Each structure stands twice: as C-alpha cells, then as structure tokens.
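Number of protein chains: 2
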Amino acid sequence: MDEFDFINKITPKKRNHPNIKMGIGDDAAIYRPDSEKDQVVCVDTMVEGVHFLKHLSTPYEIGYKALAVNISDIAAMGGVPLYYLVAISIPNTWKESELIDIFQGMNEIASHYNMSLIGGDTVSTSKDLVVTVTVIGEVEQNVRTLRSEAEDGDIVFVTGTVGDSSAGLDILLGKYVIDDASIKEYLIERHKRPTPQVKAGRIISSVKRASLNDISDGLASELHEIAESSRVGIMINEEDLPISQELSQIKQTCDITKWMFYGGEDFELVGTTSPESWEQLKRLCNEQSIKITKIGYVSKKYTGVFLMKNDKDGEPLHKSGFNHFKK
Amino acid sequence: MDEFDFINKITPKKRNHPNIKMGIGDDAAIYRPDSEKDQVVCVDTMVEGVHFLKHLSTPYEIGYKALAVNISDIAAMGGVPLYYLVAISIPNTWKESELIDIFQGMNEIASHYNMSLIGGDTVSTSKDLVVTVTVIGEVEQNVRTLRSEAEDGDIVFVTGTVGDSSAGLDILLGKYVIDDASIKEYLIERHKRPTPQVKAGRIISSVKRASLNDISDGLASELHEIAESSRVGIMINEEDLPISQELSQIKQTCDITKWMFYGGEDFELVGTTSPESWEQLKRLCNEQSIKITKIGYVSKKYTGVFLMKNDKDGEPLHKSGFNHFKK
Numbered sequence: 009m010d011e012f013d014f015i016n017k018i019t020p021k022k023r024n025h026p027n028i029k030m031g032i033g034d035d036a037a038i039y040r041p042d043s044e045k046d047q048v049v050c051v052d053t054m055v056e057g058v059h060f061l062k063h064l065s066t067p068y069e070i071g072y073k074a075l076a077v078n079i080s081d082i083a084a085m086g087g088v089p090l091y092y093l094v095a096i097s098i099p100n101t102w103k104e105s106e107l108i109d110i111f112q113g114m115n116e117i118a119s120h121y122n123m124s125l126i127g128g129d130t131v132s133t134s135k136d137l138v139v140t141v142t143v144i145g146e147v148e149q150n151v152r153t154l155r156s157e158a159e160d161g162d163i164v165f166v167t168g169t170v171g172d173s174s175a176g177l178d179i180l181l182g183k184y185v186i187d188d189a190s191i192k193e194y195l196i197e198r199h200k201r202p203t204p205q206v207k208a209g210r211i212i213s214s215v216k217r218a219s220l221n222d223i224s225d226g227l228a229s230e231l232h233e234i235a236e237s238s239r240v241g242i243m244i245n246e247e248d249l250p251i252s253q254e255l256s257q258i259k260q261t262c263d264i265t266k267w268m269f270y271g272g273e274d275f276e277l278v279g280t281t282s283p284e285s286w287e288q289l290k291r292l293c294n295e296q297s298i299k300i301t302k303i304g305y306v307s308k309k310y311t312g313v314f315l316m317k318n319d320k321d322g323e324p325l326h327k328s329g330f331n332h333f334k335k
Numbered sequence: 009m010d011e012f013d014f015i016n017k018i019t020p021k022k023r024n025h026p027n028i029k030m031g032i033g034d035d036a037a038i039y040r041p042d043s044e045k046d047q048v049v050c051v052d053t054m055v056e057g058v059h060f061l062k063h064l065s066t067p068y069e070i071g072y073k074a075l076a077v078n079i080s081d082i083a084a085m086g087g088v089p090l091y092y093l094v095a096i097s098i099p100n101t102w103k104e105s106e107l108i109d110i111f112q113g114m115n116e117i118a119s120h121y122n123m124s125l126i127g128g129d130t131v132s133t134s135k136d137l138v139v140t141v142t143v144i145g146e147v148e149q150n151v152r153t154l155r156s157e158a159e160d161g162d163i164v165f166v167t168g169t170v171g172d173s174s175a176g177l178d179i180l181l182g183k184y185v186i187d188d189a190s191i192k193e194y195l196i197e198r199h200k201r202p203t204p205q206v207k208a209g210r211i212i213s214s215v216k217r218a219s220l221n222d223i224s225d226g227l228a229s230e231l232h233e234i235a236e237s238s239r240v241g242i243m244i245n246e247e248d249l250p251i252s253q254e255l256s257q258i259k260q261t262c263d264i265t266k267w268m269f270y271g272g273e274d275f276e277l278v279g280t281t282s283p284e285s286w287e288q289l290k291r292l293c294n295e296q297s298i299k300i301t302k303i304g305y306v307s308k309k310y311t312g313v314f315l316m317k318n319d320k321d322g323e324p325l326h327k328s329g330f331n332h333f334k335k
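Protein chains in written order, with our numbering: chain V, 9 to 335; chain H, 9 to 335.
It should be emphasised that the hints constitute simulated quantities derived from the structure, not laboratory data.
Keep in mind it's a predicted model, so treat the numbers as computed, not measured.
One should not assume that every hint holds.
Which copy is meant is left open, because identical chains are indistinguishable; a pair holds if it fits in one copy or across any two.
Below, computed lysine-lysine pairings styled on PhoX-like, alpha-carbon distance capped at 20 Å [to be verified]:
{"id": "1", "residue 1": "LYS216", "residue 2": "LYS29"}
{"id": "2", "residue 1": "LYS299", "residue 2": "LYS103"}
{"id": "3", "residue 1": "LYS29", "residue 2": "LYS45"}
{"id": "4", "residue 1": "LYS259", "residue 2": "LYS17"}
Extracted from the complex, chain V is given alone in its bound form (with noise of 0.2 Å):
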C-alpha cells in the first residue's frame, strides 16, 4: 500500500467548514476558531483485540464507533464538535479495502454532524490495529459541565436508556443468547453504533448548572466520577433506570442490573443539577423528543454512590466498570 495514495483516497474532497484554512496535506492543519468560544479537545483510541475483534465487527462499524466515543466526550462537556483527526497503526493483515471502510464509516457519522476530517498519521504495526482519534470542539465560554459540578439536592439525570450496549456485547461475544432476531438486532446496534447525545448536552449546558458525563466505562463508574469529583453522595433508584422496550421484554432472563450498571458504552449522558434547572431540562428536552429520566439525588450527608430498591436503605454501589475483553 502506498501511504501517499491511501491519505489521497481518505481525503475528504469537499471541506465543511469555511473555517477551515488548511485541512489535510501539509505539516499540520489550520482552522480559524469562533473567537467567542472555547475549544474543547479529547482523544480516544481504540484496539484491535480489546475494544473491538475483528471477527465480531466491520471495519465501517469500527471506524464509526471510534469516532462516535470522541463525539461523545465533546457531548459531555456541552459542546458542538468540528473537526477529527486520525492516527491508525496497520498490520499488515488489513487490507486497503478494510482500511477505506474504517475511514467511510468514520465519515459516515462524521456528516450527521457535519464535522471536517482534517489531520491524520498512518504508520505500521506488527499485530494490533489501533486507531485514535483526536475530536476539536467548540463551546459558549465559561460553560462547564463537568464532574465537580453536583451539589447537595440536585436531581440526578441519565439519558436515554442504559444498559443496551453492554447487552448487545454479550450476545456477540456468545454470553448470552437469544432468539427474538428484532430485539438482538436492536441490542447489537446500540453496541455497534452509539449515538453521541449532542443535542442532549446542548440543552444541558444551556441550563444555570449542571455535572455531566458520558457513560462510557459503565453508570457505576461514571456516578463514583461525579461524587468524587464533587465530594458529595449520589443516591439512585433503582427501579426508576431506563431501560428500552427490547431490553424489558428480556429483563426476566438475564442479568440486566449488570448491563445497567457495569457494562458501559452506552454513551448516554449522566448528570445531576438543582431541582428548578430539572423542571426546566425536563421542558427543553421533552420539546426536542430527547428522553431525560430522574434516577436519583444528590445528598452531601454521605461520600460515594449508593443504589436504593424499593425505597428502602441505600446499599453501597461498587464502581468497578466495564473492562472491555479483558479476563
């Protein structure tokens, strides 16, 4: 494979952006920010192996769930993504078609929302295929939602619904079976294809305050981020989580608190503010279809997180997250 040929076919051929003032094909790019916004900048890396096998996903799917978990990130922190670069490490038992496909399926998700690729390396590896993607963003300034926001009385809120993607893990990996085609389609989907919240985040930065992560290593471990970070205790219902009509109707068969809880890449968006700014979220976000859902409330009477069944006595909630394909 000839690198020069390869970036020229990866290469974007019309740019998003005017912003945009030099993308791909010199040293480094050049994009002219919004001089009334802050940027916002995250990196994710993905592995063949331990974030996804080759065997189970497409090299489409791989490439628009390794951008997806970046855009996710910018979504936590309120903001409205750009532009993406990529960095990929090929041995050499992928193919150039296989590569082409990792960079459409990026694409792919990329024009939902109309972000620019406009910087990348691509070098060899021995075994392991490894793509990281750095996402640059744009937020209002002095917007902040970050983990240290909670404070004692705030409402907690998830978006969306938990537990699907990790459900759709173990029916790929063979731990868990079953028969209805719809509801296994469904389930895989959510793993394969995660929906960044951005919209969601949007509204959730618009209100006064708000802490806000995305559910990427599991709801436990997210929750324990927040009350750690804020220094106050979280307390969840239960029997108040969302969770889909699909994984509902299978929710006597199996393991469903693990999914909620451990599994992770959801990339729904975990949060908590005041009780007057949870009136208004729950008005902007039922405006736009976006389903918000309280789960719980913050209390600076305890430290950690602790899970609440039947109204009764919290019980501690470990945060041990989701550990990929890890033994």
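Let chain V serve as the given structure and place chain H on it in line with the hints.
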C-alpha cells in the same frame, strides 16, 4: 497497574497557561483560544519496532522524541505550540516506571516551549507500544507557510545542518562503526533528541511569503512535496548543503549523501522565499544566531527536484524517503 493512579502520576501539578479552563480530569479539555490567532493542530504516532526500538532508546528518549516530532510540524506552519494530548497503547511488557519516564521525557521538551499536557487516553494492547501525540498551537491569521507557496525565482533554504540524525541512527543500528566517542555521541544525540525549529519557523513566517516543510521523511522527500504542491522545479547545489563539523570529519569514510537526502528525522526546516525576503530572512536569523543556508533555487521551467554538482546540469533527485526500521 491502576489506570486512574497512573493518570494521577503523569498529570502536571501546575498548569502553565491561564487559558486552560479544564485540563486532564474530565471528558475533554477546554481552553480559550487567542481570538486574534488561528489554531494549528497535528498528530503523529510512534510505534515500537517501527519508529523506535526499546533496546536502543530509553523510555525518556522515546517520550521526548514523540512530542518533538509534533512540535516540529507546528514549527513548519510558523506556529507556537501550546497544548498536547497523549494517547498511549501499552503492552504488559512495559513497566509503570518506564511509562512514567515516557511522560517525563515529553514533559522536558514541553517545558522548553511552555507547553501543557491537557488530555489523553491510556489503553492496553497485546504487543507493541504505540504513542500518539496531538499538538495544538496558534499562528497569526493569514500566515501560511504552506508547501504550495513556492514560486519561480525563489531561493531554497534549510535551517541548521542535515544528515546527522540518519548518521546517528546508522551508528545505533551498527550499520556504521565509528571510533571517535564525541562524534558518535553528537550524532546519536541528534537522532534521539531532535530540536524542533520553532523560533526559526516564527521568523520564516514573518516574511512576506515562504513555502516550508520540516524534515521528517528526508530532505529529498520534503523538497519533492514542495515542488509538487507548488508545481515548480527545485534545483539543489549539493556542495551548498550545510553539514555539521562532526559529519564533515567523517565524510570521507561513509555515504553522506544518503544521510543528507534520504535519512530524514533532522527536524530542520526547508523552504523557499523570494530573493528580497531571503535577504531579510538571513538578517533576522543571524540576529537570533539561527543557522540558515541557501541550497538552491526554484524554476518553473522544470518539474521535480534536480541535484547540481559543481554547477553542472542537474540530475533528477529521486524522492524515496525514510522507511524507519523496515527492510
């Protein structure tokens, strides 16, 4: 190794930039851009066994170079490097202390340029360590030291000296044997700890127009990129190429041409500018004690890169560059 504990160890204890609103510790970093500047961003990956060999470089040196090569890309755009993010894929053959050394090597060169680590990702992999660094910097609006800026009649220049890094690599690999300890040490140091030419890049970007590349893949390859992007021919006088005293002392005993043109990783800057701007550039560099040398000229009568020896007609200089440790 505990990921959270490790991140805590490598997180800078003080932040250099008041513009960093959120560094490591949330879903993404947030910084305030200079509203008068454009943003410059690049990403480069170094893979164990391809870009470095563990038995020939210390972890500290690997970290130093991983960041240096990215700073060099910002320098080639005339920019000032400000922030960096590090994604690292770690096999279990690496100890935590070695990983901390990688970050300390990066921290050393970062401190030279007053740069801050603002984010990253730490994941596991099965075989080779992969380190991907993203660097963000700023440059004045409308400054464009692009490859495509060369024009007929331009002077071709290069900063510093060329060939040292490649000579150092050949010594490290045992392909070239040298007895003189101080020359040996100098050349290896030039390979392991390249100095990005940020100050020179700033000066070059201050003249009216200049094309510019950093020498990562080899001087011949970089010249070809400028010639192709600008659709011009470049004529190089081989005897004008600046070499170090050290290389000069051993040039009778080795193929110095190969090192100068195809070695790569000198991380000097090569470019072109008008004869008028060249006089200004020479003066400005001289004032700052930066070595800059005229090595040829641009002609639109030709396409490609030509090497002239003793003022005779030029021969085409082929472009194949540096292929790291590949056969």
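Going through the hints against the structure:
For the homomeric pair LYS216 and LYS29, the shortest alpha-carbon distance between copies (18 Å) is at most 20 Å, but the shortest distance inside one copy (35 Å) is not. For the homomeric pair LYS299 and LYS103, neither the shortest alpha-carbon distance inside one copy (41 Å) nor that between copies (45 Å) is at most 20 Å. For the identical chains of this complex, LYS29 and LYS45 are neighbours both inside a copy (18 Å) and across copies (12 Å), given an alpha-carbon limit of 20 Å. In the homo-oligomer, the alpha carbons of LYS259 and LYS17 never lie at most 20 Å apart, since the shortest distance is 46 Å inside one protomer and 42 Å across protomers.
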